[in-house]
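Keeping their order, the protein sequence lines are chains A and B. Going by the numbering used here, the residue at position 208 of the first sequence is 281; the numbering climbs one at a time, nothing skipped. Going by the numbering used here, the residue at position 9 of the second sequence is 29; the numbering climbs one at a time, nothing skipped.
To be clear, the hints were calculated from the coordinates, so they are not data collected in a lab. Where hints are given, some of them may not hold.
[As the list claims (entries may be wrong)] Covered stretches of chain A, as calculated for chain B (at least 3 residues, CB under 8 Å):
1. 343 to 350
2. 366 to 376
3. 428 to 435
4. 584 to 596
Predicted model only: the values in this text are computed from it and were never measured. C-beta: ideal position from N, C-alpha, C; glycine also.
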Amino acid sequence: MVAQFLGLKLRLLANLFRRSPWRVVGLAIGLLYGLAVAIAVVVFLITLRFVGDVEVIRTWMILVGSLVVLGFFVVPLVLGIDDSMDPRKFALFGVPNRSLSFALAVSALIGVPAVMLALVLIGTVVTWSRGFGETILALVAAAILLATCLLASRVSTGLAGLLLSTRRSREFSGVIGILLLVLAAPIVVVILTIDWGTEGAGILTDVAGVLGWTPLGAAWAVPADASSGDWGPAILKLLIATLTLGVLWLWWQGLVARMLVTPGREANLKQYSGLGWFDRMPHNALGAIAARSITYWGRDSRYWVALIMIPIVPVLVVLPLTIAGIPANYLALLPVPLMCVFLGWTMHNDVAYDNTAIWLHVASGTRGVADRIGRLVPALFAGILVIGLGSAISVYFFGDWAALASVLGVSTCILLAGLGFSSYTSARFPYPATKPGDSPFAQPQATDTAAAIVQSLSFAGTIILSLPALIFAILGIFSDPAWHLAALYAGVGVGLLAVCAGIWLGSRAFERRGPEMLASAVRA
Amino acid sequence: MPPNSQPDETTIASRGDDAPTPEEVAAAPKRTPRKPPVRKTQAKSAENTAITANAASTADVTDDESAGPAAARPAAASKTAASRTTPSKTAASKTAASKAAAAKAATAKSAAATAGAAKTAASKSEATKSTTARLTAAKSTAAKTAAAKTTAAKAASLKSAAEKSTAARANAAKSAEARNTSAEKSTAARSAAAKAAAAARARTDKTARSVADSAAAAEPQRTAALAEAPGRTVAERHGPEATTMPKVAETKAAETKFAELEFAEPEIFEPNIAATETAVLKIAEPDIAEPRTSEPTAAPDVKPALKPVAKRTPRAAARKKPAPVDKSAPVVLSVSNLEKRFGQNVAVAGVDLEVRAGSFFGIVGPNGAGKTTTLSMITGLLRPDTGSIRVHGIDVWADPLAAKRIIGVLPDRLRLFDRLTGAQLLYYAGILRGLDDETVRSRSADLAAAFGLDDALGRLVADYSAGMTKKIALACAMIHSPRVLVLDEPFESVDPVSAVNVTEILQKYVASGGTVVLSSHGMDLIQRVCDNVAIIVQGSVLASGTIDEVRGAMSLEEKFVELAGGRKVAEGMEWLHSFSD
């Protein structure tokens, strides 16, 4: 039974290589990268064997190790990983629950994360091989850790499959992930405010001490404690770790039993009345497509992620810069252009988001212009809002109202140029995107180089087209305020040109390549 | 032909016409919500019956014509009932019931006084689940409840018929003869019927089935007896035919619920039935009319019933579409030498098709034969490697915009914009097709009503069931009233009631000059609905033409299996017959 499952998992992995050459290359690069990282870590761990300061090693080992365990549990939950070994797929074979659970758990050993983890754990055994007892304990702890991490990921994958199986909740899972990110921000701030130079080491040691007694860090602390001579705590923590593993095993068994008889949940049905945005937009193809796009931005979690990322990105960029000591008033000018970059860029694969539903446009003979402009409408609305409000706020914090023209110019240029590129690339070079109804984080395994090229080119192209306005704006700030107006004119002019050109090219591509767009959606 | 029968015929004819006409059907459902389903079911049952039985039709017809309606009625009733039953379930029972009711009414009228004091009790379909029922045409005039019941004869297949009582057949035959015979006979028959009716009433209601059954059984016999004397000669003549027809056999009287219907109601039902039947079967004499309206109610009932029976057997499918191939109609879709390959894999290897305006063209083929690929290329969704496609004279790949305007598309296995509600999706499709706001709204409402999607319009399409998704997509395909509808697997996962509904819509569309090209795995459906068919296997058209041309002496399914490589003999599966535990 176990052997069969292992064989199945191996075969599934091997089949990953039977796809298009580019994907295989991407996969191979990913594997090599993972392997390289693991080996580097192992080498590092081996060198630690010869470091005498056990306390420092212990602290870091527990901290990092706890994060690893937590990661194995949380990542599948947030990302909603597609589970090739979902217990439900074996529901009809009539395998006893116990052996099915065991076989599934063991088959989790085969997989990139598991192999990397196993390598690293072997490294830790070397690190702690400072005596017979310590080595034995380290080996046992490593085995427990491996089992714990794999079971944790199985359990959380199962939970995700069980609880988040409906379309709507699947969508929400992505949003939950973002919320977690946002919630993590204060913690980051707290961490950043600590004066690491003086009290850092103490705090870390304290945290590690506490974590060592929790299921997350207990197993990591066992050999460390033993090496420090604290055999009593080491045994106790070994007990905690074993208990954790036992609980996880029971949980996993229960979960499998439950999943086998839970094929999926019914979604709650919500009634909408009227035509929504379709009533409010012009009653022609352009208006309808715009209304459809706006509706999707509101209802489809894949768009929410893009929208939520827009305010988060500036925070992520500005925060470190603040810490680096760059004056806040200059930084105040950054968020609006940054948001515009993302707003324009999110649209660059819009057609692929429709997946095969695009057939309706193709079969209707929709005019390219209507499609292109219609899709831009929500981004334009959002952009106008961001630029209008954001620029004022930015400049208020910057302190010099003359810079308003520059901020407006640069932002407009970036937004419009981005939309122009998006108009063309989404019609001409669609690449596989997250399918409708999937978790917004579940990227298709498209390590397509084409995708990478499209992404980077449209991104870089936007920046390049905005360079004139950007340069004028910088001159305006640092040299002569007269440049501000030049930045505005240049920005708006270039932006308008870019967006018009993009729409024109995109329309032509859309009309000529309708069937090809559909074909690429079918392949995705 | 007796005077009576003529009016009937005309009426029937008119009904027949009506059936296809959209207005009536459309209108009727709105007024009386319940009825539409009934009709549909009836239609189905009628079709089914048609398939099963054939023979008797001629005999019946003659009978009707020559003889008084009275005698004929019982027999007819039974036949009808039988035929309907076969199909099964409620539908069957409904039809049976309704017909029975009609018959009853007829008898009652004729016997007692045509005058309508008598009300027909219609057994409601729901009520009758019954089954093998035999329909007795008893109808209580005064007492409605009573009911008589119908029994649906299980005409079922010839098989049952065969087994069934020969006696029953004989009876039927006799009764038929009786009709022919004439006044006396008819009277006799009527009286018999009346008795039967009476008996039925007595048993009625709760006494229920057993009683009903027996009664039912008894009735035919009586009638037969009565009829016999006079009618023998006739019987002999019609003998063979008569025998065939009766599938009478088992009685199942289900009377659970008899609803009393006023005259109007029964009429409504019947016409539908009649219409459907006629339409479907294309009987030689369309005229058979329905009974109720005209006093000879009974007669009419009989006729429709008989006809369906007769026709069914052989070519039920072909009949409906009377003019399978109108060679004079312009070619609205012509595909020549169409090829498409995906890498090494040749999906479509030189397909040629010619579809004339006003035809209902079916494309069948095994899995992976290239049907979807072909239809995708026709609709401009997939670029062909070589070959040309002209729709109404426009080259689809040279002038896609113009061509797409006149094509309605239902693709298979492509997504919809499912984050929109049903209403939004319909509206979206309509606007993209260039319709104006007002038109789209009114057509959306019509389509939603026609497809039974009213309640679902406010929900996201993503939450629809597979069948509903198919229906909304179908609605989207039609909203711009295209000249040609290209439908890929339109009935997949659509429930039978909706499928009949959709079929009806499509048939009306075709009748008004539209052209439907559809693919399906349902041979039965294709044979029933389409007038032309092409069989595609491994990317090539192996046969094409009218259904009759393609299938020859076989059924379409047999022909298809033959062309597709024959039935694979499953060997080495003996282990399957010894169970593992």
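Right, here's what the structure says about each hint:
1. 343 to 350: It holds: at least three residues are needed, and the region 343 to 350 of chain A offers 7 whose Cβ sits within less than 8 Å of chain B.
2. 366 to 376: holds (count 4)
3. 428 to 435: holds (count 7)
4. 584 to 596: n = 6 at 8 Å, threshold three: holds.
In this structure, every one of the numbered hints holds.
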